[in-house]
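Undergrad: What follows is each chain in one-letter form.
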Amino acid sequence: MKISSIFILSISSLFILACNSEPRKLPILGSREPVEKTVDGKTVVDTIYQTIPAFSFMNQDSAIINNDSLKNSIYVADFFFTSCPSICPIMSKNLLTVYEKYKGNPEVRFLSHTIDPKYDTIPVLKKYADKLGVKGTQWSFLLGSKDSVYLLAKNGYMSYSKENDSIPGGYEHSGYFLLVDKDKRIRGAYDGTDKDQVAQMSKDMDVLLSEYHPK
Amino acid sequence: MRKTIVSVSFLLLTAAIFFSACVNEDSIKYQRYYSDGLDVYKIHCQNCHMDDGKGLAGLIPPLTDTTFLKLNRKMLASYIVYGLEDTIKIHCIEYEGKMPAEKHLASIDLAKLLTYVTNSFGNKQGIFDVKEVEKNLNDYIKANN
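The listed protein sequences correspond, in order, to chains A and B. Taking my numbering, I'd label the letters of the first sequence as residues 453 to 667. Taking my numbering, I'd label the letters of the second sequence as residues 1025 to 1169.
Hints are computed from structural coordinates only; laboratory data are not their basis. A few of these clues could be false.
FRET-style restraints, in silico, Cβ to Cβ [said to hold, decoys possible]:
(1) A:484 / B:1113: 42 to 48 Å
(2) B:1132 / A:506: 54 to 60 Å
(3) A:513 / B:1078: 57 to 63 Å
(4) B:1155 / A:655: 47 to 53 Å
(5) A:571 / B:1078: 23 to 29 Å
(6) A:571 / B:1127: 17 to 23 Å
(7) A:568 / B:1090: 32 to 38 Å
(8) A:519 / B:1097: 52 to 58 Å
(9) B:1066 / A:658: 29 to 35 Å
(10) B:1096 / A:555: 34 to 40 Å
Cβ coordinates follow ideal geometry from the N, Cα and C atoms, glycine included.
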C-alpha cells in the first residue's frame, strides 16, 4: 500500500514536472548587441538582435512583397533560379512538402528569390509556380535586381554564417532554407537538399508558431 | 549403341553446361550494368528526376511511365546525349521543360544508365546493350542530318 502510493506520487510528480518544463524555443541566430536604455529612470540592458534588412521585390503575379506584407507571418526564404540543373529541383521538391503542410495558413509564407533576374522574368516565374502547383501569394517567387538580391543574401539571410565564406556557389546559392520569425530575426538555417534537415525545419516551424500562441 | 548413348549424353551435358553458363553470364552482366547504372543515375540524373524517379510536379517528368519509355526506347540515348526540349505527355500530363544535353557519357555508361532506368521505377525492359546504344545514336544522327 505504502509503496504503491509512493510510486503513484513519484509518477505523478514526473508528469507535473514534464508539464511545467519550458516548451522548446528556437535560438535567435546572427549577431546581437547589448544596448543600454532607460526605463522608469533605471538603466537596463536590452539586446538588439540582427534582423533582415528592409526589401521590396515583385512576385510571380507582379505583386509587391516587402517587409510590411510579411509582418504577421513567419517565413522560409531561399535562393534559386528556374533553369538551375543542380540542387534547385530537390530544394523545390523539399520545400513543396512543407508548403503542402501549411497551405492556406496566413501565418506561414515562403519566399524564393531568383538569382538569375535576366532569365527569370515575371512570366517565367509565374509558369514555374503554376507548374509546381503553387497558387496565390503564400509562396512568392521574387524578382529583384541582381545586386539587391545579392546584398540581401549577404547582409541579411546569410550573415549569420560570416565565418563560413567558403559555401560553394556563394552565399546566394548555398541551398539553405532560412526560417525567419515575425520580427524578421533568423531562427533556423537548414540544408534544403537534405530531407532530414527539411523535416526538422518543418517541426521547428511548429515550435516557432507556438511562440505566438502561448497557452 | 552404348557408345552412342554415352557420347550423346555427354554432348547434351556439355551443351547444358554451356547454356547455363551463358545464361549466368547474361544475368551477371545485367546485374553489373544495373548497379553501375545506378551510380551514373545518381550523378547525372537524380538531381532532377529524384531518387524515386518521380520528378518534380509539373516541371520535371517522372520516369515511371512504362509505356512512354517502351515506345521511345530507341530515342532514350539521344534524349540524354542531345538533351530534350519538346512538349511531351507523361502519364497524360504535358511537360514542356528543358533537359540539358549530357555529352560526356561514354556509350558503355549510357548502356548501364539506360539498363538502370528501364528496369527501375516500375519499368522492366531487360538489359540495354552498348551496341543498341550506338545503333540508336547513329540512327538519330542519320535522321537529323
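Undergrad: Now tell me, hint by hint, if it's right for this structure.
TA: Each hint tested on the structure:
no., hint, verdict
1, A:484 / B:1113: 42 to 48 Å, "55 Å, violated"
2, B:1132 / A:506: 54 to 60 Å, "56 Å, holds"
3, A:513 / B:1078: 57 to 63 Å, "28 Å, violated"
4, B:1155 / A:655: 47 to 53 Å, "52 Å, holds"
5, A:571 / B:1078: 23 to 29 Å, "26 Å, holds"
6, A:571 / B:1127: 17 to 23 Å, "22 Å, holds"
7, A:568 / B:1090: 32 to 38 Å, "35 Å, holds"
8, A:519 / B:1097: 52 to 58 Å, "54 Å, holds"
9, B:1066 / A:658: 29 to 35 Å, "33 Å, holds"
10, B:1096 / A:555: 34 to 40 Å, "35 Å, holds"
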